[in-house]
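Chain order of the listed sequences is A and B.
Once you know that position 149 of the first sequence is 149 in the numbering used here, the rest is easy, because the numbers rise by one and skip nothing.
Once you know that position 300 of the second sequence is 300 in the numbering used here, the rest is easy, because the numbers rise by one and skip nothing.
Honestly, the hints are just simulated from the structure, not real lab data.
Glycine residues also receive a C-beta, built at the ideal position from the N, C-alpha and C atoms.
A few of these clues could be false.
[Claimed, not checked] In the DSS-like style, the derived pairs of lysine-lysine whose C-alpha atoms are separated by at most 27 angstroms in a straight line are:
| # | chain 1 | residue 1 | chain 2 | residue 2 |
| --- | --- | --- | --- | --- |
| 1 | A | 60 | B | 255 |
| 2 | A | 60 | B | 267 |
| 3 | A | 3 | B | 255 |
[Said to hold, decoys possible] Chain A stretches covered by chain B per the calculated footprint, using a threshold of three residues with CB under 8 angstroms from any CB of chain B:
| # | region |
| --- | --- |
| 4 | 8-17 |
| 5 | 65-79 |
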Amino acid sequence: MKKVGVLAVQGNFSLHQAALESAGVPASHILTVRTVEELGNVDRLIIPGGESTTVGLLLKRYGLGDAIQARAQGGMPLWGTCMGMILMAKAIEGRDQYSLNLLDITVKRNAFGAQVHSFEDEVQMTGVEPNLLGVFIRAPIVTEWGSAVEPMGWYQSKVVAVKQGKRIGTSFHPELTTDTRLHQYFLSL
Amino acid sequence: MATVLNGKSKTGPNTWREKVGLAEMLKGGVIMDVVNVEQAKIAEDAGAVAVMALERVPADIRRDGGVSRMSDPAMIQEIQQAVTIPVMAKCRIGHFVEARILEALEVDFIDESEVLTPADEENHVDKHQFTVPFVCGARNLGEALRRCAEGAAMIRTKGEAGTGDVVEAVRHMRTIMKEIRRAQSAREDELFTMAKELQAPYELLLEVHQKGKLPVPNFSAGGIATPADAAMMMHLGAETVFVGSGIFKSGDPAKRAKAIVESVLFKDEPKKLAEISKNLGEAMVGINCSTLPESQQMAGRGW
């Protein structure tokens with residue numbers, strides 16, 4: 001059976017591990033990924049929420065970023081939530097910071113403002129029905145996207161979920177809810 | 001505009017889930033004390049997951065004595081404008097108006113901190129009344145659960161701030177983890193008495209018994225000064241570390257900050273830790289906690 005990795009450099013990787021178990025993946029098939037070697041053991045990867053500046057620095061410093069790019073370009077399914085989507089973006093508005101350039105999108109960080117503006121509300125989805133509850137924490141939005149990118153989630157007409165081949169990015173955190181449909185969708189890619 | 005989704009009703013902006021959620025996102029990282037924009041940028045560039053904006057680091061608060069209060073809002077705002085990572089700030093224990101001011105500034109987390117002079121010797125802030133999340137210090141499980149009952153979304157050990165001596169943070173983390181294991185292995189009918197002994201709410205103790213961990217993320221602070229200190233606290237159960245005076249009171253702050261960030265990631269690899277710990281320059285000059293008179297200890301503040 002295929003192994004699912006969760007990037008465990010920094011952030012809330014443990015909640016993604018729990019959500020994958022709830023989605024039916026046996027615990028023995030859920031692996032944390034901190035190094036290039038550990039990436040070699042998994043067939044798909046989730047990049048969780050966390051701080052993009054912190055994780056970006058560490059991905060760059062230890063070559064793990066290059067390894068993730070190579071695997072993703074070779075067809076490995078990849079899903080980034082919140083920080084994960086920022087790290088997968090081609091460009092970050094107003095910031096010159098490291099990213100993997102695996103989604104042809106521009107993101108705006110902290111698009112809703114500081115933590116006091118964090119919220120949860122319904123996200124309009126295509127591909128996953130019915131709509132999802134989106135938990136947005138200092139969340140980014142997608143402000144531009146290329147022709148290969150398919151927007152798949154909206155909140156108040158802002159794009160908050162995208163798909164490009166076997167790669168998806170979401171502004172919000174399904175792993176903080178008990179709804180595992182998006183995890184199941186990712187496992188089907 | 002409450003909508004119901006999957007059986008859950010929307011409770012508006014900043015529910016409990018978002019407060020604890022931000023604490024979750026900060027796991028596996030380092031939160032650094034900074035006193036100006038320049039230090040905040042060094043911290044962000046080194047890979048800090050958040051900064052704590054304050055006018056004086058604990059080592060200077062100790063040196064200067066007197067009453068220590070919330071920082072100047074102008075200084076906090078400058079730091080908010082300078083970095084993209086979350087910015088935290090401290091209010092005095094029980095000082096709910098300082099907390100309201102920090103909330104109005106839209107800081108991302110408030111630390112109701114024993115490092116500042118307490119404003120109330122009986123009551124802490126009722127943190128449930130705020131949209132901004134709070135972190136509070138604790139020395140043991142009872143204190144941690146009392147703070148959770150008041151609405152803290154993150155707990156940290158108190159340690160003995162501003163000393164560069166990790167011994168108190170170790171004592172507090174070991175005590176909390178030992179008491180969690182005791183709660184976990186207790187029979188359910190023993191929890192009522194245990195709650196009484198710990199002076200903790202029964203419902204929260206029951207949650208600890210069921211989950212084997214605190215109801216909110218468990219971080220560590222107080223006296224952490226080296227990469228080895230940070231890695232040890234992670235091994236003892238901390239999910240993230242706060243470094244106060246340890247970075248900017250050392251010889252080469254940028255290098256030490258980077259090293260402490262890496263030590264948290266590589267806590268299980270002694271060879272990497274050896275590399276990381278090389279040539280960091282002078283560590284902060286420490287104060288041995290056992291020589292501190294009781295009147296100068298901060299950890300005892302909070303009730």
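Hints, verified against the model:
For the given pair, residue 60 of chain A sits about 17 angstroms from residue 255 of chain B by alpha-carbon distance, which is consistent with the 27 angstroms threshold. Of the supplied pair hints, the one linking residue 60 of chain A and residue 267 of chain B holds, its CA atoms being roughly 19 angstroms apart against a limit of 27 angstroms. The suggested pairing of residue 3 of chain A with residue 255 of chain B is violated, with an alpha-carbon distance near 37 angstroms, which exceeds 27 angstroms. Here's how the region 8-17 of chain A fares: 8 of its residues keep a CB closer than 8 angstroms to some CB of chain B, so the rule of at least three is met and the hint holds.
Counting residues of the region 65-79 of chain A whose C-beta lies closer than 8 angstroms to any C-beta of chain B gives 0; at least three are required, and the coverage claim is violated.
Consistency with the previously given hints fails for numbers 3, 5, ordered from lowest to highest.
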